[in-house]
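The sequence shown: position 113 = 112 (numbering that gives the first Met the number 0), numbered continuously.
Hints were generated in silico from the structure; no laboratory data involved. Among these hints, one or two may not hold up.
To be verified - Just the calculated beta-carbon pair ranges, DEER-fashion:
1) Ser-6 - Leu-85: 32 to 38 Å
2) Cys-17 - Arg-61: 19 to 25 Å
3) Trp-91 - Gln-3: 52 to 58 Å
4) Leu-100 - Val-66: 40 to 46 Å
5) Val-65 - Gly-97: 43 to 49 Å
6) His-54 - Leu-99: 31 to 37 Å
7) Trp-62 - Ile-86: 34 to 40 Å
8) Trp-91 - Gly-45: 43 to 49 Å
9) Val-26 - Leu-89: 37 to 43 Å
10) Arg-108 - Val-26: 33 to 39 Å
11) Ala-59 - Gln-3: 35 to 41 Å
Virtual Cβ for every residue (Gly too), placed ideally from N, Cα, C.
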Amino acid sequence: MTTQRTSWALAREAAGLCLTAVGALGVLVALGALHWAAGLSAAMAGLLTVGILTHPKPDAPRWAHVVRGATCITGYGGLTGCAFALITPLGWIGVSLGVLLTGLWLATRDDEHEGTA
């Protein structure tokens, strides 16, 4: 038996989502007023967090996995770009960590679909 949500519950959820979006925008604008890199870094960290925490089901359409990967790459790239703009060695640390994590991902990948005879 399925239960439908009441109109009050839907209205409360919609209001909560709107308040969350306005609050996040306010934080980004305030950080951007302090320094452009602070606002941009917070936005990119949010994108990276969403990309990491979003796990499409294995049987989800391919585009869902592509969107997740693009979100992670955009967030990490933006953070690395901000690091380069502020302190160049910090940017190189970001690039090196990205290369390191990619190497670990490739080295520990266990594909069951690759059959051996």
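So which hints don't hold here, by number, going up? As far as the earlier hints go, 1, 2, 4, 5, 6, 8, 9, 11 are violated by this structure, in ascending order.
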